[in-house]
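Student: Starting from the given sequences, assemble the full structure and let the hints guide the process.
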Amino acid sequence: MIRRRVHGGLYAEDMERLYHGPLPYLIMLIGAGLTVAILTGTGLALSYVAGLAPEGFWENPWVRGAVGAVLWALVVAVGGLYLTLVERKFMARVQVRYGPNRWGPYGILQPIADAIKLLRKEDIIPEAADPLVMRFAPIIAFAPSFVLFAAVPWTESYVASTMDIGVLFIVAVTALTPIGVLMAGWGPNNKYNLLGAMRFAAQELAYEIPLVLAMIGPIAAAQSLNGVAIVEAQRGTWLGLIPRWNIFPQFLGAIIFFVAFMAETGRIPFDIPDAEGEIVHGFTAEYSGMKFVLLLLIEYVHLIAGAALFVVLFMGGYLGPAPINPFAWFALKLLLVILFMMLIRAVWFRVRIDQIMTLGWKILLPAALFNIGFIGIYLAVTV
Amino acid sequence: MNAVRTPVIFARKDELLEIAEDEEKRKSFLAKMRRPLEYVVNWGVKSSLWMYAFGLACCSIEMMAFGAARWDSDRYGIIARGTPRQSDLMIVGGAVTYQMAPRMKRLYDQMAQPRYVIAMGECAINGGPFWDSYSVVKGTDKVIPVDVVVPGCPANPEALFDGIIKLQEKILKGELAR
Amino acid sequence: MNREVIEAVKAEFGEGIVHAVDRRERRVVLTVRKEILHDLCLFLRDRLGFDHLTSITAVDRSRRVTGMRERQLLYYNDFKMVYHVWSYEKKTLVEVRTVLERDDPVVATVTDVWSSANWQEREAYDLMGIRFDGHKDLRRLLLPEWWEGHPLRKDYDLSPGTWFLPEEEPEEFPLDVQKPVFPLDLSLPKKVKKKEVSEMILRIGPVHPGNHGPWLINVKLDGEIIVDIDPQIGYIHRGLEKIAENRTWTQYLPVSDRYCWLTAASNNLSYVLAVEDVLDVTPPPRAQYLRTIALELNRLASHLLWLAAMGIDLGNLSGFFYPFREREWMLDLLEYMSGNRLNYNYGRFGGVIFDVDDKFVEKAKKTMKIFRPRLEEYRDLFEGSRIWKVRTQGVGVISAKDAKDLGVTGPVLRSTGVKADARKDDPYAAYPEIDFEIPTRKEGDVYASYEVRMDEMRIASEIIDQCLDNLPKGPVQMDLGRIEPVGEGISRIEEPRGEIATYVIGDGGDRPYRVRVKCAEYINVSALAHMARGYKIADLIAIIGGLDPCLGGIDR
Ligand code: SF4
Chain A
1 MIRRRVHGGL
11 YAEDMERLYH
21 GPLPYLIMLI
31 GAGLTVAILT
41 GTGLALSYVA
51 GLAPEGFWEN
61 PWVRGAVGAV
71 LWALVVAVGG
81 LYLTLVERKF
91 MARVQVRYGP
101 NRWGPYGILQ
111 PIADAIKLLR
121 KEDIIPEAAD
131 PLVMRFAPII
141 AFAPSFVLFA
151 AVPWTESYVA
161 STMDIGVLFI
171 VAVTALTPIG
181 VLMAGWGPNN
191 KYNLLGAMRF
201 AAQELAYEIP
211 LVLAMIGPIA
221 AAQSLNGVAI
231 VEAQRGTWLG
241 LIPRWNIFPQ
251 FLGAIIFFVA
261 FMAETGRIPF
271 DIPDAEGEIV
281 HGFTAEYSGM
291 KFVLLLLIEY
301 VHLIAGAALF
311 VVLFMGGYLG
321 PAPINPFAWF
331 ALKLLLVILF
341 MMLIRAVWFR
351 VRIDQIMTLG
361 WKILLPAALF
371 NIGFIGIYLA
381 VTV
Chain B
1001 MNAVRTPVIF
1011 ARKDELLEIA
1021 EDEEKRKSFL
1031 AKMRRPLEYV
1041 VNWGVKSSLW
1051 MYAFGLACCS
1061 IEMMAFGAAR
1071 WDSDRYGIIA
1081 RGTPRQSDLM
1091 IVGGAVTYQM
1101 APRMKRLYDQ
1111 MAQPRYVIAM
1121 GECAINGGPF
1131 WDSYSVVKGT
1141 DKVIPVDVVV
1151 PGCPANPEAL
1161 FDGIIKLQEK
1171 ILKGELAR
Chain C
2001 MNREVIEAVK
2011 AEFGEGIVHA
2021 VDRRERRVVL
2031 TVRKEILHDL
2041 CLFLRDRLGF
2051 DHLTSITAVD
2061 RSRRVTGMRE
2071 RQLLYYNDFK
2081 MVYHVWSYEK
2091 KTLVEVRTVL
2101 ERDDPVVATV
2111 TDVWSSANWQ
2121 EREAYDLMGI
2131 RFDGHKDLRR
2141 LLLPEWWEGH
2151 PLRKDYDLSP
2161 GTWFLPEEEP
2171 EEFPLDVQKP
2181 VFPLDLSLPK
2191 KVKKKEVSEM
2201 ILRIGPVHPG
2211 NHGPWLINVK
2221 LDGEIIVDID
2231 PQIGYIHRGL
2241 EKIAENRTWT
2251 QYLPVSDRYC
2261 WLTAASNNLS
2271 YVLAVEDVLD
2281 VTPPPRAQYL
2291 RTIALELNRL
2301 ASHLLWLAAM
2311 GIDLGNLSGF
2321 FYPFREREWM
2331 LDLLEYMSGN
2341 RLNYNYGRFG
2351 GVIFDVDDKF
2361 VEKAKKTMKI
2371 FRPRLEEYRD
2381 LFEGSRIWKV
2391 RTQGVGVISA
2401 KDAKDLGVTG
2411 PVLRSTGVKA
2421 DARKDDPYAA
2431 YPEIDFEIPT
2441 RKEGDVYASY
2451 EVRMDEMRIA
2461 SEIIDQCLDN
2471 LPKGPVQMDL
2481 GRIEPVGEGI
2491 SRIEEPRGEI
2501 ATYVIGDGGD
2511 RPYRVRVKCA
2521 EYINVSALAH
2531 MARGYKIADL
2541 IAIIGGLDPC
2551 LGGIDR
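Protein chains in written order, with this note's numbering: chain A, 1 to 383; chain B, 1001 to 1178; chain C, 2001 to 2556.
Just to be clear, a hint being listed does not mean it is correct.
With the Cβ distance kept under 7 Å, some of the chain A side facing chain C (calculated, not the full set) [unchecked claim]:
1) V94
2) V96
3) P269
4) A346
5) R350
6) V351
Quick list of in silico lysine-lysine cross-link-like pairs, BS3-like style, CA-CA up to 30 Å [said to hold, decoys possible]:
7) A:K362 with C:K2536
8) B:K1105 with A:K191
9) A:K362 with C:K2366
Covered stretches of chain C, as calculated for chain A (at least 3 residues, CB under 8 Å) [to be verified]:
10) 2315-2327
11) 2382-2390
None of these hints come from the bench; they were simulated from the model.
Glycine included, C-beta positions come from ideal geometry on N, C-alpha and C.
Tutor: Shown next as structure tokens:
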């Protein structure tokens, strides 16, 4: 009998303990708490700095626009990068493994390493490609998803641009992304790219309509398109207990909106533009280096923007009990929505393309129309 | 049986002579001043090796285990990408046949610089158990340059990690990754 | 039963049958004249119910170039064709042999009798240079078009000059992609409407994440609908059957593991059983039980990997990681038994290599106890999702009749309602003494084969429990000394994907004269065109996943 080694003596019962202990979840909770604390701190510091400016300085729209753009460029880029880490860690926890943990504590340097690596990567433009289209496609695809942050009210005063058509602006700008993506599909002269881009455009179109229709509910309740006004309309409670968030009376609308924006971001279960098993990462297949990063970030920026919009429209935006900074409330809600989406991504299957179209046109659209009628009656009765 | 698994650093063929000549010079140069930028870039490259799993035979299954729950390559920042353009590391696991060799070459050419290759398992190193077959190429390095070889039949996930760490050392010690 | 078959055949063909031997239980050997071969096959199928073609083997009976201590007697300088045919009703394997001339090896095709002969005949043409009269699509299968010669012939030049890659740049290789041919209309179109279609040809592979390995699938599309499929295989064809002729009987054992890496224990045992068939030995009972344990652990590991692959193919990321967790436990147990995680090399002629101790029994029991509730978790994860059902139910449907005709075996066949399992019908190892049932379903779609596999996993863990409880004491290996078998042997066992058959010929030398192996997935995959026709291109991924291809077994 030869003695044989077994890996680290890890057997079924040891595994049991390892995977099902409470410690990992505690660590996750602490991590989430820390994130919220950091965001709160940032918010406080920002409000302090902003307070130093002379009177009337922040009323100037040019100043607001410029500062907002720079600030959000930073936040979105870093946030998008770090969202990949959050996602990897979170999914790893769901999938009984650890996720990045070698570079920095809890792997916090991982996104930085990825960024450096991707910056260093050779930028290939294939011989058969259309170089101009291929070069500009990522920029054109990325820019709109960045611009739409201008109208998101993070708190009462932190809005880059207080437009009266705020919410409509967001929707209009989102609809520009497919143009860039279609270019990304055409430029590299690759079948997979083209297929992915076509799928993306088809999906985006099919879900834009239910998305907008679902937004009519909160807009009608607030009688305004302005983000801040929509949030303010949700102030107060019912019976001193349940916050007056739109999600409670307009549950159907919230679900429609959630599904539609999930489809717009193109993540599982709606990730057919990216489906690795079918069309090898779709419209990003031929891109490398920084162009690829831009295309990848679209997904994450869409994710943040969609979740932010969901929070504004249905979850009372920055509103919350006093001791916590409104900014932190917003971040907390945002994080919740995003984590929920990641959970869905971790455990669901991918839907087939015709099933996605069926869902969009045949179920969500009628449901959204019904929802509008329902909301109308509800508002007529209560207000 | 579990073979002894000590992956060796295996320089590219054409670089071998050059390296031997310049070794003294290089050493003193690196010892004197390691440019911080170079270090940072190399660190970034080595910390985020996205792999293109070129799994051909049995070793591809161990490659899957390498990415799955018990070993979890994601800890090292290694994730699998389906397209060669976005990957930095090609892991060849299995016997390369004459029919496959040109395709492997083409996929390697499609990878963006900096790119690395690990030959995993005896087959990929020199034909392994099929050394006298009429259709198997006797080693990946006959077709594309190989950076690190990981022996074993199959090479266990631990061995593959060892190979990855060796590759990371190589990247960090080397010149600016390109 | 054997006598019946022989009498019926003799009464029908008389002079055409040269020899008819009742070899042993469930094994009949017929030697026939070449002229009656096709009629005999039709007779076997229609009158006697031999509905499954197990394998087609071509043998070059000339003097071998390599190998020591040959026996002059056996060499004839001609070709022999051997057909193994199994009947699901009679549970009997008939071996039909016929002889072809050296200069002009032509024989009538049997593709019109059993459609599963298609690829096997192409393979015989490719590797041995036999031509089949009436075959509609005689192309090379495993080797590229530019290959010269037929490597399995005994006079093929294997001298070192031809092994090694020439020193030129690799660009010199012809990057040859076969022109896809879709001539073989199996006359079973399902949803394809007969109209003027605008056709597009899409090549998926050879390296593609959804392919489960390197092979090229040429798909002819009408919009999104699949019209026809012509797979091109052979990208990791390693010539194992030729390698066998250059190794001793024992040296070939580790190589036999590597037909298909996921089912190494079955492959290995298939070869061992074939050799034991020639030697006519029966291993001690403890070895039989250990073999059974290894086989079933291997089945669990293989099915779990299938589940994981299915999960990731259809986009469920966690579906990949959970089964892998349990798979590692099975591999731990197998490593404890054999010393390797993947290619166990566990079987030996007349037994197994290592015994197990009490600690193993304890560990295995504990693992099985934890494992069974885990299966329910997977059911939650997979069946609990509506999308999984929508994507697999009614996809890749195949009827029992077509499945038999196309030679499909294993869980896919059982998902169509045929209760066929070599473990029960043609028992080996310790299966006759074990009490287990065979799960079947009726629908014949991907979902049904998923359910069959889930049931099989539960049953496999119960079989292991039974084996551990009843493990007899005693030695685990017979002392056979140096083996130099003379004669032919066939084994037929149930690997996780279906039926694997190994046919060996020994000429009394220390090396096999011919080893032929037919893996289950090889034939299953050749049915892909039939199963996928009429479905959407996105369904192709699910259908391929349901077939569970393993390219090592397909290309060998
Ligand atoms: S090295 Fe061994 S285990 Fe790996 S692919 Fe080759 S034969 Fe299979």
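Student: If a hint holds in the structure, say so; if it doesn't, say that too.
Tutor: Verification of the supplied hints:
Residue-level restraint check for V94 of chain A holds (minimum Cβ-Cβ distance to chain C is 6 Å; threshold 7 Å). Satisfaction of the interface hint for V96 of chain A is found here, the shortest Cβ-Cβ separation to chain C being roughly 6 Å, below the 7 Å cut-off. With 7 Å as the threshold, the beta carbon of P269 of chain A comes within range of chain C, its nearest partner Cβ sitting at about 6 Å, so the hint holds. A hinted interface residue such as A346 of chain A counts as satisfied when its beta carbon comes closer than 7 Å to some beta carbon of chain C; here the least separation is about 5 Å, so the hint holds.
Hint status for R350 of chain A relative to chain C: holds, with the closest Cβ pair at about 3 Å, below 7 Å. Because the beta carbon of V351 of chain A sits about 6 Å from the nearest beta carbon in chain C, less than 7 Å, this interface hint is met. Between the alpha carbons of K362 of chain A and K2536 of chain C the distance comes to roughly 20 Å, so the proposed pair stays at or under 30 Å and holds. Proximity of K1105 of chain B to K191 of chain A is assessed by CA-CA distance (about 21 Å); at most 30 Å being required, the pair is judged to hold.
This hinted pair does not check out: K362 of chain A and K2366 of chain C have alpha carbons roughly 50 Å apart, beyond 30 Å. Counting residues of the region 2315-2327 of chain C whose beta carbon lies closer than 8 Å to any beta carbon of chain A gives 9, which reaches the threshold of three, so the coverage claim holds. Against chain A, the region 2382-2390 of chain C contributes 4 residues with a C-beta closer than 8 Å to a partner C-beta. That satisfies the three-residue criterion, and the hint holds.
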